[in-house]
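A.B. asks: Below are the chains, spelled out letter by letter.
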Amino acid sequence: MTDSGALGEYRDPSLARALAGEMQAIRLERPIALMHVCGTHEHTIARASLRSLLPEGVRLIAGPGCPVCVCPARDIDRALEAAKRENVILATFGDMVRVPSSESSFEKAKAEGCDVRVVYSPVDAARLARLNPEKEVVFMAVGFETTAAPIAASLADDLPRNFSIVPSMRLVPPALRFLMARSAGAIDGFILPGHVSAIIGRSGYAFIEEEYGIPAVIAGFEAIDVLRAVRGLLAQIAGGARGTVENQYGRVVRERGNERAQSAIVRFFEEADVPWRGIGTIPRSGLALRREYERLDAAVRLDLPEPAAAVDVREGCRCHLVILGEAEPETCPFFGGECTPRAPYGPCMVSSEGTCWARFEYRSVGRPAGR
Amino acid sequence: MCLGIPMLIIEKSGNDAVAESGGVRKSIRLDLIETATIGDYVLIHAGYAIEKLDTEDALETLELIRQVYRAGRGEDVS
Numbered sequence: 009m010t011d012s013g014a015l016g017e018y019r020d021p022s023l024a025r026a027l028a029g030e031m032q033a034i035r036l037e038r039p040i041a042l043m044h045v046c047g048t049h050e051h052t053i054a055r056a057s058l059r060s061l062l063p064e065g066v067r068l069i070a071g072p073g074c075p076v077c078v079c080p081a082r083d084i085d086r087a088l089e090a091a092k093r094e095n096v097i098l099a100t101f102g103d104m105v106r107v108p109s110s111e112s113s114f115e116k117a118k119a120e121g122c123d124v125r126v127v128y129s130p131v132d133a134a135r136l137a138r139l140n141p142e143k144e145v146v147f148m149a150v151g152f153e154t155t156a157a158p159i160a161a162s163l164a165d166d167l168p169r170n171f172s173i174v175p176s177m178r179l180v181p182p183a184l185r186f187l188m189a190r191s192a193g194a195i196d197g198f199i200l201p202g203h204v205s206a207i208i209g210r211s212g213y214a215f216i217e218e219e220y221g222i223p224a225v226i227a228g229f230e231a232i233d234v235l236r237a238v239r240g241l242l243a244q245i246a247g248g249a250r251g252t253v254e255n256q257y258g259r260v261v262r263e264r265g266n267e268r269a270q271s272a273i274v275r276f277f278e279e280a281d282v283p284w285r286g287i288g289t290i291p292r293s294g295l296a297l298r299r300e301y302e303r304l305d306a307a308v309r310l311d312l313p314e315p316a317a318a319v320d321v322r323e324g325c326r327c328h329l330v331i332l333g334e335a336e337p338e339t340c341p342f343f344g345g346e347c348t349p350r351a352p353y354g355p356c357m358v359s360s361e362g363t364c365w366a367r368f369e370y371r372s373v374g375r376p377a378g379r
Numbered sequence: 002m003c004l005g006i007p008m009l010i011i012e013k014s015g016n017d018a019v020a021e022s023g024g025v026r027k028s029i030r031l032d033l034i035e036t037a038t039i040g041d042y043v044l045i046h047a048g049y050a051i052e053k054l055d056t057e058d059a060l061e062t063l064e065l066i067r068q069v070y071r072a073g074r075g076e077d078v079s
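Residue numbers (the numbering used here), protein chains in the order written: chain A, 9 to 379; chain B, 2 to 79.
What the hints contain is simulated information worked out from the structure, not anything from laboratory work.
Every value quoted in this text rests on a predicted model; they were computed, and no experiment measured them.
Mixed in with the good hints, there may be bad ones.
So the derived label-pair ranges between C-beta atoms look like this [what the hints assert, rightly or not]:
(1) B:Glu12 - A:Thr339: 35 to 43 Å
(2) B:Arg74 - A:Arg125: 52 to 60 Å
(3) B:Leu60 - A:Arg125: 36 to 44 Å
(4) B:Thr38 - A:Ser271: 15 to 23 Å
Covered stretches of chain A (chain B as the covering partner; in silico rule of three or more C-beta atoms under 8 Å from a C-beta of chain B) [said to hold, decoys possible]:
(5) 16-30
(6) 89-96
(7) 177-188
(8) 252-263
Just so you know, even glycine gets a beta-carbon here, dropped at the ideal spot from N, CA and C.
Bound-form chain A, shown alone (with noise of 0.2 Å):
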C-alpha cells in the first residue's frame, strides 16, 4: 500500500490538502454520488477522513470491494465440509478465519479440533502439502483478479497430488455492470480499484465508456491517490461530457493490464456464475477450474457433499446492504454494539478492508472531540 523511498511524498498531508483545496472550486449543480469497489480505498478513506475533506454535496459510497465480504457462506461451508475430516488440513488468508459460514467459521473449527493454518501465500499452501504427504491440504482460493493471478501462478508449479483448492474467486467487471444496472444512473462515478486495474488494465473496463458512459477513474491508495481521483470524476461531472475511464494510477497500471497475469488466469480457469454474499448470483463474476484441472477442485478430490442450503445474512444484519451502497454502517443496530471487529456478526465487520470494520476502526477520526 505504500509507497517506498523518493515516493513517501505521496503520504505528505500538506498536499492532500493542497487537492481537497483545489477540488472545492469545482461547481456541481446537484449533489454528486461517487462508489469505490475497494476494501483497501475504503481503508484509506477512513483512516485519512476522507470523507470530511470532499466538497459539499458529494457522497463517496464504499461498494463490493472485499472479496473477503462477497464470499458466500456456501463457499466457507464447502471448504469447512473438508476440514472436519480427519486427514485434512485447511489452508487459508488470514482475513477469512473469522468470516461467518451459515453455522460457523474457520476459527470455531479450529477450536474444536481442525487443522486450519493461515498462510500468506498460496505458494505457502502447497509447501504445507508437501511437507505433509500423508494428509489432504486444501487451499481456500478467494480473492478477486489481484489474487487470482498469484493462485493461478501458483498452480502452475509441480504440485502435490495430496493438495486441492476451494475456488471462491470474483471478478470486479461483470460486479460494476450489475452495480450500474441496479442502480439505474444513481451512481455518478466510480473509482476503480488500482490493483485489480494492475491486472486487468484500463482496457479491461473499456465497456463502461462504451456502453454505459459513467465517469471512472483507477485510482492508487494513498490519501492522495483518493483525493485526486475524486477531484477527476468532479472535473468529468462538471464538464458534462460522455464520461470516460481515466488511469490515474500510472505508476502500476498499464492500458492491457499484466497480460501474462491474464494468461495465467485464463490457463486454469473458466467464467462462471456464482453467487455474492447477500447480493445474489451475478452472471460470470467467478472463476471455476476448466475440466482438464478439475482434479485440483476439493470438491471433486475429495469427493464433497453439495452443502446444505448456506444462510449468507443473518438475522438483522445489513451487511448485504452495506456491500451494495444502500445502507452506511453507522445505521446497523448492531453496529459497535452487538457486532465489533472483536465479535464480529456480519462479514463486512471482519476484515480491515470490510466497510463496517473500517467505519468502526476510525470512528472517532474527523470528528470534533465530544461528539
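Since chain A is already given, all that's left is putting chain B on it; use the hints.
C.D. replies: Showing chain B alone in chain A's frame:
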C-alpha cells in the same frame, strides 16, 4: 485483500527473488512479471510480484500535485 506492497528486488535467481521494504526481507516469485532485475521496485501481493513500479510516472504525478500545492499557496507554478 488486494493490498500490494512495493518492494525493492535485492536478489534474483530465475523466478525466485528476495525483495526488501523498510528493512523487511521477503522471498517472492517473479512468474507474473516479464522482465524484472535487481534494483527494480515491484508490487507484491500474495507472495508474487504482480507489476513493476514505474518510478518515473510516480515522480511525474508527484510533480503535478506539487504544482497544485504551490498554486494553493499563491506561489509561481511555472
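A.B. asks: Against this structure, judge whether each hint is valid.
C.D. replies: The hints, checked one at a time:
At about 51 Å, the beta-carbon gap between Glu12 (chain B) and Thr339 (chain A) misses the expected band of 35 to 43 Å. A C-beta distance of roughly 53 Å is found between Arg74 (chain B) and Arg125 (chain A), which places it inside the suggested range of 52 to 60 Å. At roughly 41 Å, the beta carbons of Leu60 (chain B) and Arg125 (chain A) sit within the given window of 36 to 44 Å. A beta carbon spacing of about 22 Å between Thr38 (chain B) and Ser271 (chain A) agrees with the range 15 to 23 Å that was offered as a hint.
Remark: the segment 16-30 of chain A is confirmed as covered by chain B, as 9 of its residues place a Cβ nearer than 8 Å to a Cβ of that chain, reaching the required three. Requiring three or more residues with a Cβ within less than 8 Å of a Cβ of chain B, the coverage given for the segment 89-96 of chain A is violated, as only 0 such residues are present. With 0 residues bearing a CB less than 8 Å from a CB of chain B, the segment 177-188 of chain A misses the requirement of three and the coverage assertion fails. Proximity of the segment 252-263 of chain A to chain B, defined as three or more residues with a beta carbon under 8 Å from a beta carbon of that chain, is established by the 6 residues found.
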